[in-house]
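First to last, the protein sequences are chains V and X. Numbered by our numbering, the letters in the first sequence go through residues 1 to 339 in order. Numbered by our numbering, the letters in the second sequence go through residues 1001 to 1339 in order.
Derived by calculation from the structure, the hints in this document are not laboratory data. Misleading hints may appear alongside valid ones.
As the list claims (entries may be wrong) - Once the Cα atoms are required to be at most 20 Å apart in a straight line, the calculated EDC-like pairs of lysine to aspartate or glutamate come out as:
#1 V:118 to X:1102
#2 X:1118 to X:1145
#3 X:1118 to V:102
#4 V:118 to V:99
#5 V:118 to X:1049
#6 V:118 to X:1099
#7 X:1118 to V:99
#8 X:1118 to V:49
There are 2 protein chains.
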Amino acid sequence: MPPPSRRLAPTLEAVAAEAGVSRSTVSRVVNGSSKVRADVVDIVQAAIERLNYVPNRAARSLANSQTMAIALVIPEDTGRFFGDPYFAAIVQGLARGLEPSDYVLNLQLASQSNPSRKTVRYLTGGNVDGAFVVSHHSGDNFLADLGTSLPVVFGGRPLTRGDTPSYFVDVDNDDAAAMGTQFLIDRGRTRIATIAGPPDMPAGIDRTAGWMRALERAGLGRDRIVHGDFSQASGARGMRELLARHPDLDAVFVASDLMATGAISVLLENGVRVPEDVAVVGFDDSPAATTGVIPLTTVHQPSESQGKKMAEMMLALLRGEPVEPECIMPTHMVVRASA
Amino acid sequence: MPPPSRRLAPTLEAVAAEAGVSRSTVSRVVNGSSKVRADVVDIVQAAIERLNYVPNRAARSLANSQTMAIALVIPEDTGRFFGDPYFAAIVQGLARGLEPSDYVLNLQLASQSNPSRKTVRYLTGGNVDGAFVVSHHSGDNFLADLGTSLPVVFGGRPLTRGDTPSYFVDVDNDDAAAMGTQFLIDRGRTRIATIAGPPDMPAGIDRTAGWMRALERAGLGRDRIVHGDFSQASGARGMRELLARHPDLDAVFVASDLMATGAISVLLENGVRVPEDVAVVGFDDSPAATTGVIPLTTVHQPSESQGKKMAEMMLALLRGEPVEPECIMPTHMVVRASA
DNA sequence: CTGAAAGCGCTTACAG
DNA sequence: CTGAAAGCGCTTACAG
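Using the sequences provided together with the hints, build the complete structure.
Given below as structure tokens:
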């Protein structure tokens, strides 16, 4: 199939002829330049409407060296990525945030620790005007420095701080986790375990720290810990391990809703009542929170808003406006049935 | 932040100078033209290497009116989309299939029934060379005709057949569902219900038909039916409804693994043993199949391969090669614990 | 097999 | 406020 007849598409030239002005003028109104006489603007706009003119991206990019595209770099393992409602919400937010602009999102799968030459070339080779990096993974050796050649906005605090300031939006995972744990303490629980996230991701590290801090403050034991990878399966595994090693636990703070649902299945499977015998607090307040047998009491984080905020930061960076590099969004408890 | 110094990037011109040939020649070797003397090719390639030259996309697009971008149109509701491992696998496959090419994937969120003017313009305005449409949703009034202005490959048989032939890859959902149901019949089950997919999606319709066909063939009753939307929550709801209306059922064929996991939670919650009292067969063989309390016996469909195949079809279409419009991939039973 | 030249459709100083 | 003109970095007939 030969390239569909783009030939037919009207050009600036055509609009100029139709409106009886120069191409320069048409270009100016298309780009919203302020210095065009109002009546001329109207005439041109009418012509554009009549011809159904839409500017050619390539020509525009070539002329002003902006690509109007932003890369969305996501980890190679799409399964884990897309399987996590947190990321789904982020992507949704990104898309919504970009909607009012002319920027499009370019999907870039990349194994982050060792991105392909192709990915690196693509990102640094002037194919996009900026990049979103969404994954609270670490070891982003290359991603950390990406910011030197491109505006980059991270979803979640990057683990390694590069030389350039990193723009990111996140929640205060430490505080939020402490809040979730405190909720359990306030309800009289004293043997509170945690199914933590991976110890190599900021979200994993910080939430574990928050859990510990709350327990310490209350003078409670903080050795009932097990690690998962945020997936449901790992939550189930973690719960089994916890049950075996700490059969006395009366509550568990789980670092993600997905893991919490896995944990709850195991609890129920073992005849443990939730929340009577063991109270469970999750993290995210994602759709997974309300989908399971027992609706989750959980720490809410505004995932979609975070994505939207990332988009706004990027747009501001692209406009050359000064932007606060770190944006921390609020969290709160959502009380349902599991605790 | 001003556009990062793309100024520094070497151009064709620079390579030509470095190699001591004309731009035409460099262009030819970059594009792998066969009519360049071998030794010249080497010289040019060396120059390219030395200068770390990477062609400017915009300029290239402008010159040959190819964008080297393909849209990935996904339904507005990213939550449902990304939440479904089936789609995650498809996207993964698409990305992998496109990897050897120079095409990039442009994310386009769109409410399919009523896509925004922006989306339509984007797709038909020459911004992409082709489009993937992934969603077994129907009512794609606009998407059905998209094929007239652009090569389009669907993931899953489109419900409405437009005037142009639709390219798609899918499995034989009808046969596959019949196979899953027959599996239950072969194990002596006789009161086999189904939690079907939405009646307005091909995958929903066809799987229901397959279930019915198998039961009919075996002379079994086929009134134990309830509909879900492929999500886990809807599977749980459906199972509750089924239990209430048909307490005698001894098996259920569920049209997606996600729904199956929801159904199983409800079964267990009600003290029903799986598979002893009620056998469950799912559909997809997605990660969800092995993640729950009871590993799913399910109908496997090669989701990632489907995505990859879609990419290959698109690439062939883009090359102008003739391609078989419909590609049906094989399925098979995977026996685990739920039946 | 190779080069000179035109052209792809915009933007943007530069004059006026 | 508006236009003529150069230029963005490629590709591709057209000659040779």
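A quick look at each hint next to the structure:
1. Proximity of residue 118 of chain V to residue 1102 of chain X is assessed by CA-CA distance (about 9 Å); at most 20 Å being required, the pair is judged to hold.
2. With a C-alpha separation of about 17 Å, the suggested pair residue 1118 of chain X and residue 1145 of chain X falls inside the 20 Å cut-off, and the hint holds.
3. Proximity of residue 1118 of chain X to residue 102 of chain V is assessed by CA-CA distance (about 9 Å); at most 20 Å being required, the pair is judged to hold.
4. Between the alpha carbons of residue 118 of chain V and residue 99 of chain V the distance comes to roughly 28 Å, so the proposed pair goes past 20 Å and is violated.
5. Pair hint residue 118 of chain V plus residue 1049 of chain X holds up; C-alpha atoms about 15 Å apart against a cutoff of 20 Å.
6. For the proposed pair residue 118 of chain V and residue 1099 of chain X, the alpha carbon gap of about 9 Å is at most 20 Å, so the pair holds.
7. Pair hint residue 1118 of chain X plus residue 99 of chain V holds up; C-alpha atoms about 9 Å apart against a cutoff of 20 Å.
8. A C-alpha spacing of about 15 Å is found between residue 1118 of chain X and residue 49 of chain V, which places the hinted pair at or below 20 Å, so the restraint holds.
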